[in-house]
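Asker: For the record, the sequence lines run as chains P and X.
1 is the number of the first residue of the first sequence in the numbering used here; add one for each residue after it.
1001 is the number of the first residue of the second sequence in the numbering used here; add one for each residue after it.
Bear in mind the hints are in silico, worked out from the structure with no lab data behind them.
Small disclaimer: the values here were computed from a predicted structure and weren't measured.
Incorrect hints may appear among the rest.
Each computed DSBU-like pair below joins lysine-lysine, with the alpha-carbon atoms no more than 35 Å apart [what the hints assert, rightly or not]: (1) P:195 x P:178; (2) P:227 x P:345; (3) P:194 x P:365; (4) X:1137 x P:186; (5) X:1175 x P:5; (6) P:207 x X:1069; (7) P:18 x X:1069; (8) X:1176 x P:5; (9) P:18 x P:255; (10) X:1069 x P:5.
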Amino acid sequence: MDEMKAIAEMLNEPPTQKAADEGRRRLRREIANPSAGRRARARFGWPFKAGLGIVAVGAAAAVAVSVIGSGTRPSESGQAGAPQGEIDLGRQAVLVAAENAAKQETGKYFFANHVSGQSYVVPAGTGAYAIDGARSATFVAAGLEPGAKVTYYESFPGPRTWTPADEAAWKKAGSPSKIKVWSSDKWLTFDMAKKAPWKLDGVNTQKEWLGRYTLEELQNLPTDPEKLAEEAFDPATTEAEMLRSRGLDVPAHLKTEEFVAAEKIRMVGWRLSDLPVPPKVRSALMKALMAEPGVQAVGETTDPLGRKGVALTSGSRTTTVTGEFGTPPGQRGAYGSRMELVFDKATGNALAMQNVLTKPGGPYKDREPGFVIDYTAIRDMGWSDTEPAPPRDAS
Amino acid sequence: MTAAPEIDDAALVTASRDDPDRFTDVYDRHFPVIHRYVAGRLGAQAAEDVVAETFLAAFRRRATFDPAKGDVRPWLFGIATNLVAQHRRAETRRYRALARLGAEPDAGGHEDRVATAVSAAGMRPSLARALAGLSRKERDVVLLVALAELSHQEIAAVLGIPFGTVGSRLNRARKKLRAALAPTQGD
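Make the full structure from the sequences, and use the hints.
Answerer: Next comes the structure, spelled out in structure tokens:
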């Protein structure tokens, strides 16, 4: 008996269509939006799933009061997109942030400190509560001199409850330290007591960090929003075009204005949060995004870390959770959400990319609009002349 | 309508440097074999992520692919083997689980099928246990032969070891496997 043949037979695991499709989808996402660095990539690709929100109350309030406007090119006139001669306060606020973004100082190093999380609603006899779980943080410190190294650190801050109300409900449920939640297609157990400090994750080259760009190319990106839009929103890099170019059918939902706008928000989000894009280009990227169809400006919102900001958002999309992958019946159903890119008005820095609940339903049926389903938040980002390192206190 | 001439694997990877979309074709060409290798070692569930990561890593490193050093397939198997190495415990767990199946029929459709297929040859539990008992280096060589069906030359390139070492590791591993399968072993 040939033992090699017997081994092959014993270990045979026929590939499923799901595995093939999922891998291809991840690859396409990477091609469309190459993010930075090895580990960082898996994590920074702005989340497609959902997370809970922060200060869900604040965010909900903000959604209710925000002034929404979609725009024409801001370079034409500050008020060009305002409906019926009204001043579009959302657009004005984002423009202020964009102007401020252009004024930043640069330096010999670039650093970014990100944290990502995903929301889970935990059912309990005493009342459901939401936790921010599966959190992971990355700190990247990149030398910008030719050939300088790029150092990655990572940490797993552990889960937390979202709002004071969630915290109270968790305590009412007996402050469980182990929390079991349904995640897409499996059960996960989070340990509320678990925290992990920063640790060195590895060193990459600048090339690995930057993906499709070189430092020089980044320096030379156009500062005119319209020219920049051509580069940043190259149709060939969209999910729909990638399917089309391979002769495949493009599902209708990939062609909707909401999907395309969310895709552009992710493209800009990646450039603004991971890359040492020059300040004037950052400003232009914000203006370019604001001028895209389906992108709306929000004058006031709150990010997953509780920070106030202004935002650019896509229209709302509906996601339907079925029982196909074993989701418990209580969590099935449809909900609406939109993709927001939040900025600090004073500095123009990107604060967070967040998928925000607009229409409660399915797993989020008892949450309010504004609840953050998933996010990547930029805790800190910028340039320095000395080698940056992760903060010592928080992980 | 003229059909595009078939482009070879290496040229496709090279073309993807300037035209990243083409890497999707690299994926479609090689997914089945990479999946077979990774899922064989780690099981279907863990494989889903590791296979995807293999192609993501390859995509990011596509500029470093050097056709002069070997073909695309061994290059991908090299990346996959490095990623599999990060899941050593999952791999061992899988072999142990397979070894247990003969003694006590388990729930689970697929594993049952495997049990039937291999215990028909009357050797599955011992074979799985023997695999679990191999050193990592021996296992890499054995599975690159059994699942990836690579030549010794290709395996030498994948693992970065001399050609002769592939043969000697394989011989050593074969001896252990055969000893485990000897009829007197019973099981």
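Asker: Next step is simple, just say for each hint if it's right about the structure.
Answerer: Hints and how they fare:
Pair hint residue 195 of chain P plus residue 178 of chain P holds up; C-alpha atoms about 13 Å apart against a cutoff of 35 Å. As the CA atoms of residue 227 of chain P and residue 345 of chain P are separated by approximately 24 Å, the hinted pair is consistent with the 35 Å bound. Between residue 194 of chain P and residue 365 of chain P, the direct Cα distance comes to roughly 28 Å. Compliance with the 35 Å bound is thereby established for this hinted pair. Distance restraint check for residue 1137 of chain X and residue 186 of chain P: the Cα-Cα separation of roughly 33 Å lies within the 35 Å cut-off, and the hinted pair is therefore satisfied.
Annotation: proposed proximity of residue 1175 of chain X to residue 5 of chain P holds, straight-line Cα distance about 15 Å (limit 35 Å). Proximity of residue 207 of chain P to residue 1069 of chain X is assessed by CA-CA distance (about 21 Å); at most 35 Å being required, the pair is judged to hold. Note on residue 18 of chain P and residue 1069 of chain X: the hinted pairing holds, with a Cα-Cα distance of about 33 Å set against a maximum of 35 Å. For the hint linking residue 1176 of chain X to residue 5 of chain P, the alpha-carbon distance of about 16 Å falls within 35 Å, and the restraint holds.
Between residue 18 of chain P and residue 255 of chain P the CA atoms are separated by roughly 22 Å; this keeps the pair inside 35 Å, and the hint holds. Restraint check for residue 1069 of chain X and residue 5 of chain P: the C-alpha separation of about 29 Å stays at or below 35 Å, so the hint holds.
Consistency note: the structure conflicts with none of the earlier hints.
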